[in-house]
Amino acid sequence: MAKNTLVSPEQKATQEESGPLAVGVSQTAEQNTPRNIGLIIAYEYKKRLSQRSFKISTAIILILILLGSFVPTIVAYVSSQMNTQTKVVVVNTAGPIAGMNNGALFTYIDRTLNGTTQGQSTSGKPAFSIAMGAADASGSVQKQVKDGTVSIMLVLERAPNQDVQFTYYTTANPMSDSTISKVQGVAGQLSLLDRASRLGLTTDQTSHMFAQPQFSVVNLGVQNDRSTSDIVAGYVIAYVGIMLIFMSIYLYGYGVAMGVAEEKGSRIMEILVNAATPFQLMAGKILGIGAAGLTQMTAFVVVGIGALLLQTPIKDALLGNNTGGLNLNITSSSITLLLLLLVYFILGFLLYASLFAATGALVKRQEEVQNAVQIPMWLFLIGYLASIFGMSNPDAMWVTVMSFIPFWTPTTMLMRVAMGSVTWWGVALSIVLMIVAIVICTVTAARIYRYGVLMYGQKPGMRQLMKLARTK
Amino acid sequence: MGMLVEHINKSFDQLQVITDLSMEVKEGSIFGFLGPNGAGKTTTMRMILDIIRPDSGSITWNGKKIRDIPRHHFGYLPEERGLYPKVEVQEQLVFLARLNGLSKAAALAHLDEWLERFEIPQYRTMKVEELSKGNQQKIQFLATILHDPLILIMDEPFSGLDPVNANLLKDAFLEMHRRGKTMIFSTHQLEQVEELCEDVVIIDQGQTIIQGSVREVKRQHGRNVARLKLDNDPQALWLDDLEGVQVTKRRQDYIEMQIQSHMSPNLVVEEALRHGAIISRFELTEPSLTDIFIEHVGKTTFQDTTSPALATLAGGTR
Chain S
0 MAKNTLVSPE
10 QKATQEESGP
20 LAVGVSQTAE
30 QNTPRNIGLI
40 IAYEYKKRLS
50 QRSFKISTAI
60 ILILILLGSF
70 VPTIVAYVSS
80 QMNTQTKVVV
90 VNTAGPIAGM
100 NNGALFTYID
110 RTLNGTTQGQ
120 STSGKPAFSI
130 AMGAADASGS
140 VQKQVKDGTV
150 SIMLVLERAP
160 NQDVQFTYYT
170 TANPMSDSTI
180 SKVQGVAGQL
190 SLLDRASRLG
200 LTTDQTSHMF
210 AQPQFSVVNL
220 GVQNDRSTSD
230 IVAGYVIAYV
240 GIMLIFMSIY
250 LYGYGVAMGV
260 AEEKGSRIME
270 ILVNAATPFQ
280 LMAGKILGIG
290 AAGLTQMTAF
300 VVVGIGALLL
310 QTPIKDALLG
320 NNTGGLNLNI
330 TSSSITLLLL
340 LLVYFILGFL
350 LYASLFAATG
360 ALVKRQEEVQ
370 NAVQIPMWLF
380 LIGYLASIFG
390 MSNPDAMWVT
400 VMSFIPFWTP
410 TTMLMRVAMG
420 SVTWWGVALS
430 IVLMIVAIVI
440 CTVTAARIYR
450 YGVLMYGQKP
460 GMRQLMKLAR
470 TK
Chain W
0 MGMLVEHINK
10 SFDQLQVITD
20 LSMEVKEGSI
30 FGFLGPNGAG
40 KTTTMRMILD
50 IIRPDSGSIT
60 WNGKKIRDIP
70 RHHFGYLPEE
80 RGLYPKVEVQ
90 EQLVFLARLN
100 GLSKAAALAH
110 LDEWLERFEI
120 PQYRTMKVEE
130 LSKGNQQKIQ
140 FLATILHDPL
150 ILIMDEPFSG
160 LDPVNANLLK
170 DAFLEMHRRG
180 KTMIFSTHQL
190 EQVEELCEDV
200 VIIDQGQTII
210 QGSVREVKRQ
220 HGRNVARLKL
230 DNDPQALWLD
240 DLEGVQVTKR
250 RQDYIEMQIQ
260 SHMSPNLVVE
270 EALRHGAIIS
280 RFELTEPSLT
290 DIFIEHVGKT
300 TFQDTTSPAL
310 ATLAGGTR
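Which chain is which? The protein sequence lines are S and W, in order.
So in numbering that gives the first Met the number 0, spot 360 of the first sequence is number 359, and the numbers just go up one at a time.
So in numbering that gives the first Met the number 0, spot 84 of the second sequence is number 83, and the numbers just go up one at a time.
Among the hints, a few may not be true.
[Unchecked claim] Below, a list of computed lysine-lysine pairs in the DSSO-like style, where the Cα atoms sit at most 30 Å apart: (1) W:63 <-> W:25; (2) W:180 <-> W:132; (3) W:126 <-> S:363; (4) W:85 <-> S:363; (5) W:103 <-> S:54; (6) S:54 <-> W:132; (7) W:132 <-> S:45.
These are computed hints drawn from the structure, not numbers from a lab.
Assemble the whole structure, with the sequences as input and the hints as a guide.
See the structure below:
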């Protein structure tokens, strides 16, 4: 392999020196670059969207997204329907406790167990139904516990001048019975109140003693103006966004490599290079597949957000408004993050797609694409893993450095922004660096592509690749 | 003037694929490009198309360097068929034609015309992979000509076609000829060359062996073939002693012989009459191109000389 000169218009005079792999670049085609790229984009876009596999995978993923967003609501609804009340019978043989007679005691236990202390009435049934048993009913209620008509019997006893003793009767396996701890909590509070009153404290004094301390949090970090819900939303968007970027770059980058290998393998490339320049072919393919990918992603994101937003009214209607769960507030800062997600997705795709295109141009057959794309994929995987592991420590030096390396920016920088540890100029710088990298990679890839697409049968060595990348 | 290929050389690695090859294709002619497998036909075609460039020598079209000719003036039919298997016929043909500079309306109009001519309008919305090999070939031909190129370069356009489809394609060739297109095609079916081509070149191992108009080639390189039948002397053994005549076949119905080109065939008749023979048949036939081809490159025809390096770099040059 003596010379590898690619003949460019300036080199017309030195035609005799052009090497064996010299690929002619049609000047007439070059003059029509925007038209040709536009045609190729439209063709690739339409081709992809009309593919059966594309339609099916889009439909399946959309269904999964819908199911996924409805599952928590459905689970909550079903469990609320199946939820039976835990029937508790309290048998008090200890007389007044902390100055409360049986009626007051009933109100206290009911409120504490069912959480209605704030005076809210819920539309659902309370978890516990409380009944006071007669002081001598212990034996008969024990039978009811045994036959299952009563879930729990709580017996309160007191030896003279001693603390109240609580006995908990149940048929449930104590290992899996989660109500024990709740009842135990009530018992503990009652016991404290009782001891305090026996020491002679008034009710006011007692409640003062157990009042919550004033405790406020002041965060002096960068993100001190972000609300908690903002931080949660940021975390969720970053996590989902990084997944989306990872998946889509793999899917569509793979699509680019496959498309190039298909054109090379089916030899249609020989017709295409006559009509358009290799650069136009590569750029058109990348942008066309990218546009199809963006369409698909937009559908996923719109349906996903729509379905999530639907959950709140549906839950309200089914379960009443007392349900907790994920409350994603779309605030201005999470909108910024969503926009940034879009920017990094597009830039990341353009950067990696050029690598995938060059990879596709170098393989011999379409079946080899799967192995060949491992190389760009591993490069990308490093950034993906770094962003996942870096979440716990987004300000670490190695995370910061990685977030400015264009190949890893889309995932790592997105994570850092979501964690709130980046200034605006950091984001701007990373975008500029990515654009520079995209230009360099595209130009290099286009050169490799030019040779690769018409080179059949042999694998170029590393040294030859470097040579191709440098030749103009 | 047409196309002038002058003294081109091309080597891949150490292997010389084309050596000092020259040929001339007149504008508007149908040109047959012949040679055994591995002779360098595909490589030469790719050099004409400026997909690869010769190490030395020049290729010009009407005096202009081939690479300065707008690409859409060329139509290429690669030997290994190149179409998108999973895309509908109309969609990819219109895409290719538009990429070659045609407007969408013009591309569709040309497509209508040619689908009609090939009697395959029903394939318009079918995917290429769903078509038979012969029909795929017709679509491939449409991809070559739809953008109305001046120069058609076709690598074995007839391979794999049944006689009916081959005739359709021949008619299309003649139609393109009427429209003044210049056509260069390679083939192994030499009858087609005799039928279609005015000029022909035979190359072997990257070098020109024979070149010229078909008639001239036959006259220069062939021998006259005569068939003789004598009613009273079916064996005509005296023919064996005749100088300049070589009997090639003795069949029941006739004797076939080759007469050297400098000799007059009349001599055979005179000699027969001298032997008192009753001639019931005497005819002169021109040698076929096949005969000439086999005579000149026969020694290499039956060994596949495609070397690995050649196959890999040139993409399976035949």
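Each hint tested on the structure:
1. Note on residue 63 (chain W) and residue 25 (chain W): the hinted pairing holds, with a Cα-Cα distance of about 14 Å set against a maximum of 30 Å.
2. Restraint check for residue 180 (chain W) and residue 132 (chain W): satisfied, since their Cα atoms lie roughly 26 Å apart, inside the 30 Å limit.
3. About 25 Å separates the Cα atoms of residue 126 (chain W) and residue 363 (chain S), which keeps this hinted pair within 30 Å; it holds.
4. For the hint linking residue 85 (chain W) to residue 363 (chain S), the alpha-carbon distance of about 20 Å falls within 30 Å, and the restraint holds.
5. For the suggested pair residue 103 (chain W) and residue 54 (chain S), the alpha carbons sit about 27 Å apart, so the restraint of at most 30 Å is met.
6. With a C-alpha separation of about 29 Å, the suggested pair residue 54 (chain S) and residue 132 (chain W) falls inside the 30 Å cut-off, and the hint holds.
7. The hinted pair formed by residue 132 (chain W) and residue 45 (chain S) meets the criterion: a straight-line CA distance of about 26 Å does not exceed 30 Å.
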